[in-house]
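**Q** Each chain, written out:
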Amino acid sequence: MTDATAHRSPPRPNGLEGVAADWASDQRAFKTASWGKAMMWIFLLSDTFVFAIFLISYMSARSSTEVEWPNASEVFALHVGQTELPLLLIAIMTFVLISSSGTMAMAVNFAYARNRRRTAQLMFATAALGALFVGMQAFEWTKLISEGVRPWGNPWGAEQFGATFFMITGFHGTHVSFGVLFLLIVANKVRKGEFDSGRRTWLCREKGDYEAVEIMGLYWHFVDLVWVFIFAFFYLW
Amino acid sequence: MTHAAASDTHASHEGQAHPIRLYLTCWGFLFVLSAASYMVDYAQLQGALRWSLILIFMVLKAGLIVAVFMHMAWERLALVYAILLPPLAALVFMGIMLAESDYTLQSRATYLSGDPELAVAREGGHE
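These protein sequence lines map, in sequence, to chains A and B.
If you use the working numbering, the first sequence corresponds to residues 1 to 237, in order.
If you use the working numbering, the second sequence corresponds to residues 1001 to 1127, in order.
No wet-lab data here; the hints were simulated from the structure.
Among these hints, one or two may not hold up.
[Unchecked claim] Cross-link-like lysine to any residue pairs, in silico, SDA-like; alpha carbons within 20 Å at most: (1) A:Lys31 with B:Gln1046; (2) A:Lys143 with A:Asn71; (3) A:Lys31 with B:Ala1082; (4) A:Lys31 with B:Trp1074; (5) A:Lys207 with B:Gln1016; (6) A:Lys31 with B:Val1080.
Only chain A is shown next, with the shape it has when bound in the complex (with noise of 0.2 Å):
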């Protein structure tokens, strides 16, 4: 076999240049994911394994418990007049956070059409009902911070309800709330026009590559599908 770069590398640094050098060099796995795409899917991959293992300490707290476990349809009920709904509020967090998906996808699409003002809008969209959802979920937080649910109890069941909780919905607003704060930065950047600018920058390595606004919603999307399986499993089980 001839190694058909062999001919032309280039010197190889040393030291901590060395190392940015080698993992940035020619050697491809992923040969239609570029560096940043490849390199946010494994980030996704470790985040994934991350929410699977409080999922699962949730799972084995609530089956090892003997206590019954307060039922999540009557906990996050919400009264609209007379009538109790159960689980409204979730319903809708999970509507706006499938919106924003769908915003978040046509904002893709257009970056790739170089169409600038209306990746812009709908990237600050996508994170106006981020911001939306992380709102909603302050509310949930505090009233059931106001009915007594603590991380060490509350008043309907097994102990280990509020702990798992605050956990795991803590866990995925604060990634929702990074996820808005990135979103801005970028919509911001894309409303200047600095992906069209030609001007190399870490997002941005030639004038038209409007990849990092996928890269970004890569991320965005991964939120909502944690999202799914918050929903089915804390709520709806």
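Go by the hints and put chain B onto chain A.
**A** For chain B alone, kept in the frame of chain A given last:
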């Protein structure tokens, strides 16, 4: 750092431009599936029907998000396998912890309930 790799990637992910209708359809399905899983709770379905519906809607939603929104359907298998296979280890871990928590529950029932006869009765089967 070479630039060749970056630009040939760039050429290929221009292919990630899909008709906007695809995303809207996917979005619509996600809405319907979310509404359906909410209805499972609203209608107070119980037992095996409830668990299976929750799981089916969950898997369909997750699949749509990963395949369409995250473009996994259009990536090469090398990436798909690298990302989607490792989480199966979490499923194995889940199985182990399910057995473990069953044992913990039995121990609690046997040694901590204070009523030995009740403990023996629960030993048989519990849910």
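**Q** Give a verdict on every hint.
**A** Verification of the hints:
1. About 47 Å separates the Cα atoms of A:Lys31 and B:Gln1046, which puts this hinted pair outside 20 Å; it is violated.
2. With a CA separation close to 16 Å, the supplied pair A:Lys143 and A:Asn71 stays within the 20 Å bound.
3. Between the alpha carbons of A:Lys31 and B:Ala1082 the distance comes to roughly 13 Å, so the proposed pair stays at or under 20 Å and holds.
4. A threshold of 20 Å between alpha carbons decides the hint, and for A:Lys31 with B:Trp1074 the separation of about 12 Å falls inside it, so the pair holds.
5. For the hint linking A:Lys207 to B:Gln1016, the alpha-carbon distance of about 18 Å falls within 20 Å, and the restraint holds.
6. Proximity of A:Lys31 to B:Val1080 is assessed by CA-CA distance (about 12 Å); at most 20 Å being required, the pair is judged to hold.
Consistency note: the structure conflicts with earlier hint 1 alone.
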